[in-house]
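For the record, the sequence lines run as chains A and B. Going left to right, the first sequence walks through residues 0 to 201 as the working numbering numbers them. Going left to right, the second sequence walks through residues 0 to 201 as the working numbering numbers them.
Treat the hints with care, as some may be off.
Intra- or inter-copy, both count: the list cannot distinguish identical chains.
[To be verified] Under the rule of at most 20 Å between Cα atoms (straight-line distance), these lysine to any residue pairs were calculated in the SDA-like manner:
| no. | residue 1 | residue 2 |
| --- | --- | --- |
| 1 | K51 | Q5 |
| 2 | K55 | E39 |
| 3 | K51 | M41 |
| 4 | K9 | L37 |
| 5 | K34 | V117 |
| 6 | K34 | T56 |
Hints were generated in silico from the structure; no laboratory data involved. The structure presented is a predicted model; accordingly, all values stated were derived computationally and were not measured.
The primary structure of each chain is shown beneath.
Protein chains: 2
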Amino acid sequence: MTTYPQSVIKLINEFEKMPGIGQKTAERLACYILKQPLEEAMQLAYAIRDVKKVIKTCTTCFNVSESDPCHICSNTERDSSVICVVEQVADLLTIEKTCTYKGLYHVLQGHISPLEGVTPEFLTIGNLLQRIKEDHVKEVILATNLNMEGDTTALYIHKQLSPLGVCVTRLARGLPTGSYLEYASTAIVADAISGRNEMRYS
Amino acid sequence: MTTYPQSVIKLINEFEKMPGIGQKTAERLACYILKQPLEEAMQLAYAIRDVKKVIKTCTTCFNVSESDPCHICSNTERDSSVICVVEQVADLLTIEKTCTYKGLYHVLQGHISPLEGVTPEFLTIGNLLQRIKEDHVKEVILATNLNMEGDTTALYIHKQLSPLGVCVTRLARGLPTGSYLEYASTAIVADAISGRNEMRYS
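All chains should be modelled from the sequences, with the hints used to inform the complete structure.
Okay, structure coming up:
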């Protein structure tokens, strides 16, 4: 039986290591690279090399950036008394896209998940506590995901923060804008009821 | 609004060029590269470089290989009187996996699709005709896909081959093994009926 040449198998294996890429997709991606002209295909290789060469992790907030401290931490126009804690850089960018938040961030680099062997020491929680002690932080927004791991992580950080007396908030839970009550799960509707807001007369 | 640093955006764009990779997936893959240790991430870049350096296209059958002619064309134990015509290298490997075919191949590098601007001249059909004229081929198996483009391509090649008097066959159409009649489409069942085989008494 013939299979791909050795170098192609190596490429397929490398693609397969990436999240969400299975055997079939990895083969398709490798075939795409094979078909591309040399210069086109090498663009991807160069992009990987350049990212690894240029990108640093901010030693303050663990965001990725071409400078350290990152462009958010070093922006004096941002409100340094508020820190928004997120699981990963992608979450930070999602919040930035809303253009509603002007404080700083702290990237945990994951969430607590004992099943996956991720205990709090693997995250940047120690650095977060240090920052709050040193930097006159007034509010910490826990913006971890609204699932079990995110909640566990938020709960853990909340406990760690209690001796520091800082105000700790969590993202609002409720029905997503544009959704229909009919199709929402019980847990979501229950959250929306318990977190209901008074409509004031203007 | 903050977005990714420039080098990360470049990497996301490169991933996004690949088939089946959208904006979100490209971001996830780029974040994976960011998180990986330098040496790990560079493995993918090296694999791309090595593939482009080492892999050649066989000038006989257009298979990809580290040698030219490829390991199939140069294998004297294979039956050179039969050529199986496939659209792409992935299809060749799918047939190889069955371990039932011992002849040679010819990779068309696509299918006829006027809508996508792919006319017969873009494919390796000319080379196929040349091979059949020169190499005493007895049978050509048209193993293009069983969809409109594949059928069109097969039909076109069949016409081109008619003056050469070579035996031309097409992959069998019918119900896939393990399937239920109840869920099969009308076209599939119609194929299965018109192509029915006699069950002989042994």
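Earlier hints that do not hold, by number: none
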